[in-house]
Amino acid sequence: MRSGSSQSPALVGGDAQEAGGARRLREQERAERRFSWRTGATNLVLQVSALVVVLGAWEILTATGAIHSILVPRPSQIAVAFWEDLVEIFTGGDMLGHFNTTLIEVVVGFLASVVLGVGIGALLSEFQLVRRAIYPYILGANAVPRIAFAPLFIIWFGFDLTPKIAMVITISTFPILVNTMAGLSAADRDTLKLMRSLGTTRWQLFWKVRMPFALPYLFAGLETAIIFASVGAIVAEFTGGSRGLGFVTLAAQELFRLPEAFSAIILIALQAIILHRVIVVAGRKVIFWQADEAKVTA
Amino acid sequence: MDIEISGLGKTYVPRRGERIEALRDVTASIRSGEFVTVIGPSGCGKSTMLDILAGLTTPSAGTATIGGRRVGDPSVRPGLVFQRPVLLPWRTALDNVVLPAQVGRNPSARNGGRRKVQERGQELLDLVGLGAFGGKYPWELSGGMQQRVAIARALLLEARVMCMDEPFAALDELSREQMHLEFLRIWSSQRFTVLFVTHNVFESVFLSDRVLVMTPRPGRVVADVPIDLPRPRKREMIGSDRFSKNLRRLREAMRAFWE
Numbered sequence: 001m002r003s004g005s006s007q008s009p010a011l012v013g014g015d016a017q018e019a020g021g022a023r024r025l026r027e028q029e030r031a032e033r034r035f036s037w038r039t040g041a042t043n044l045v046l047q048v049s050a051l052v053v054v055l056g057a058w059e060i061l062t063a064t065g066a067i068h069s070i071l072v073p074r075p076s077q078i079a080v081a082f083w084e085d086l087v088e089i090f091t092g093g094d095m096l097g098h099f100n101t102t103l104i105e106v107v108v109g110f111l112a113s114v115v116l117g118v119g120i121g122a123l124l125s126e127f128q129l130v131r132r133a134i135y136p137y138i139l140g141a142n143a144v145p146r147i148a149f150a151p152l153f154i155i156w157f158g159f160d161l162t163p164k165i166a167m168v169i170t171i172s173t174f175p176i177l178v179n180t181m182a183g184l185s186a187a188d189r190d191t192l193k194l195m196r197s198l199g200t201t202r203w204q205l206f207w208k209v210r211m212p213f214a215l216p217y218l219f220a221g222l223e224t225a226i227i228f229a230s231v232g233a234i235v236a237e238f239t240g241g242s243r244g245l246g247f248v249t250l251a252a253q254e255l256f257r258l259p260e261a262f263s264a265i266i267l268i269a270l271q272a273i274i275l276h277r278v279i280v281v282a283g284r285k286v287i288f289w290q291a292d293e294a295k296v297t298a
Numbered sequence: 001m002d003i004e005i006s007g008l009g010k011t012y013v014p015r016r017g018e019r020i021e022a023l024r025d026v027t028a029s030i031r032s033g034e035f036v037t038v039i040g041p042s043g044c045g046k047s048t049m050l051d052i053l054a055g056l057t058t059p060s061a062g063t064a065t066i067g068g069r070r071v072g073d074p075s076v077r078p079g080l081v082f083q084r085p086v087l088l089p090w091r092t093a094l095d096n097v098v099l100p101a102q103v104g105r106n107p108s109a110r111n112g113g114r115r116k117v118q119e120r121g122q123e124l125l126d127l128v129g130l131g132a133f134g135g136k137y138p139w140e141l142s143g144g145m146q147q148r149v150a151i152a153r154a155l156l157l158e159a160r161v162m163c164m165d166e167p168f169a170a171l172d173e174l175s176r177e178q179m180h181l182e183f184l185r186i187w188s189s190q191r192f193t194v195l196f197v198t199h200n201v202f203e204s205v206f207l208s209d210r211v212l213v214m215t216p217r218p219g220r221v222v223a224d225v226p227i228d229l230p231r232p233r234k235r236e237m238i239g240s241d242r243f244s245k246n247l248r249r250l251r252e253a254m255r256a257f258w259e
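Chains A and B, in that order, give the protein sequences. Take 1 as the starting number for the first sequence in my numbering and just add one per residue. Take 1 as the starting number for the second sequence in my numbering and just add one per residue.
Be careful, since some hints might not be right.
As a list, the in silico BS3-like pairs of lysine-lysine whose alpha-carbon atoms are at most 30 Å apart [as the list claims (entries may be wrong)]:
#, chain 1, residue 1, chain 2, residue 2
1, B, 234, A, 208
2, A, 193, B, 116
3, A, 208, A, 285
4, B, 234, A, 193
5, B, 136, B, 116
6, A, 193, A, 285
7, A, 208, B, 245
8, B, 136, A, 285
9, A, 208, A, 193
10, B, 245, B, 234
The following residues of chain A were derived to be distant from chain B, with all beta-carbon distances above 10 Å [what the hints assert, rightly or not]:
#, residue
11, 64
12, 196
13, 199
14, 212
Hints in this document: simulated from the structure, not taken from any laboratory. Think of the CB as a built atom: it goes at the ideal place given N, C-alpha and C, for glycine as much as any other residue.
All chains, please: the whole structure from these sequences, using the hints.
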């Protein structure tokens, strides 16, 4: 401000005005957020009511015998089974082991997918020759129903964690890879022009510009990938082994203990939701500029 | 540093389709410290000319030198300012200003270390009137303020030449007028050479020493109109007889557009 204030006070007033404008904008946003919080509370009430209505109808239909409760368990039976599972989880019973087994498969497989997806995606986007050589195969591989490989993985990797992690990797790498590639070409023309005019090296351009620009895309890919990872782990557990929430579901089904199967499914869903949430929150922290980015280009 | 452009031509030869002659036989000479605007309709090769000066594309014919050296030489790097501020949203204003000193070969050795660069960045933010905003992110600043950060960034590497491609075109009328005065103040205190592309007639009269008029397809300089207004330029000059006379002369030179 020094030189501004000495030479042209009118312009400094302009600064203050502009800054005031930005501040007003933020205040308005805050007001909107308050408003949306209220909408959120209303939504919650509506959503809980909808759930209660559906579960109530389900309970009545099964309790009166309109639907046989051997085939479709009553919500109250599921609730009891779920409660028992929760107690086991929090007291260190068998169910905790199953929960953790699936969690480890999903998380380890997912992390390996991140390394592979980002690594291969970066190679493909950085080296045209590599892209031309192998990208068609990658697209082709994605069209293969990889779930069908689950029985083969049993032969190759046994009944332990390995075949499950392998399955997770085969299906959750792809969304990460594709999004990494899309993101790495997301930097706009003017930015690239500017960087080139400054003599930016390829390495600097990658780390200082293209990678940060790719992060929003990458995180979108991670959100898809974590859900895929959960599906992959469960399917792999169906085909062999004696641990994990997928195995619990299958075992309960074979014994016709449907409330227990439903309870395991709820646990699987909860696990996936929590993991997905972690990614979303981490994404917001890492890409702190994203929500407001529109303003930069304004 | 002066800019010498001589017989400059650029033809794009696409793999398919017709070749496009963007520039033909452009010759211009811009003295050190001069403020020259280039005016012309879209597609007249103005941006191609700036790209050549910035070393981003090579001419098909002719030469361009800055301070006696061929453009494209790493020692000749004009500061670039675009229509959009082109700031990196994950960097604060100050970090955006010092970006040019963090890239290229051996950036820290070349620019005298981090602390020196930061100090220089802060000086430039002071110069453009944003001394107190160094820690703000681009999205916390108004459009005019963002563009000022871009100007500070262009000045970081002691650029003696500024190439500006419609830098104020995206601003609203009032901010633009303010930026004109602000930028003239910065220019008069630093006295770098400016090549300023615009399609705004008033802007070119108000800012420059000289206006080059270009016509499209192929881009050629058809007129070189000196602006006869005293410096420093003041807001009150707009609408004065002398201003109107210059404006009329420029519009006369631009006749070709409407015919």
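With a cut-off of 30 Å on the C-alpha distance, tell me whether residue 193 of chain A and residue 116 of chain B pass. OK: residue 193 of chain A and residue 116 of chain B at ~26 Å, within 30 Å.
Within 30 Å, alpha carbon to alpha carbon, are residue 193 of chain A and residue 285 of chain A? Distance of about 29 Å is within 30 Å: holds.
A cut-off of 10 Å on Cβ-Cβ distance, and residue 64 of chain A was said to be off the interface with chain B. Does that hold? For residue 64 of chain A, whose nearest Cβ neighbour in chain B is about 59 Å away, the distance exceeds 10 Å, so it holds.
Need the status of pair residue 136 of chain B, residue 116 of chain B: alpha-carbon distance at most 30 Å? With Cα atoms ~20 Å apart, residue 136 of chain B and residue 116 of chain B stay inside 30 Å; holds.
Hint consistency between residue 136 of chain B and residue 285 of chain A [alpha-carbon to alpha-carbon, up to 30 Å]: 17 Å, holds
Mind verifying the non-interface call on residue 212 of chain A? Its CB should be farther than 10 Å from each CB in chain B. Nearest chain B Cβ is 5 Å from residue 212 of chain A, so the label is violated.
Tell me if the straight-line CA distance from residue 208 of chain A to residue 245 of chain B falls inside 30 Å. 49 Å, violated
With 10 Å as the threshold, tell me whether residue 196 of chain A passes as away from chain B on beta-carbon distances. 6 Å, violated
Minimum Cβ separation between residue 199 of chain A and chain B greater than 10 Å? 4 Å, violated
Take the C-alpha atoms of residue 208 of chain A and residue 193 of chain A, compute the straight-line distance between them, and say whether it is at most 30 Å. With Cα atoms ~14 Å apart, residue 208 of chain A and residue 193 of chain A stay inside 30 Å; holds.
Take a quick look at whether residue 234 of chain B and residue 193 of chain A sit within 30 Å of each other, Cα to Cα. 34 Å, violated
Check the hint pairing residue 245 of chain B with residue 234 of chain B against an upper bound of 30 Å on the C-alpha distance. 16 Å, holds
Hint compliance for this structure: hints 1, 4, 7, 12, 13, 14 are broken, all remaining hints hold.
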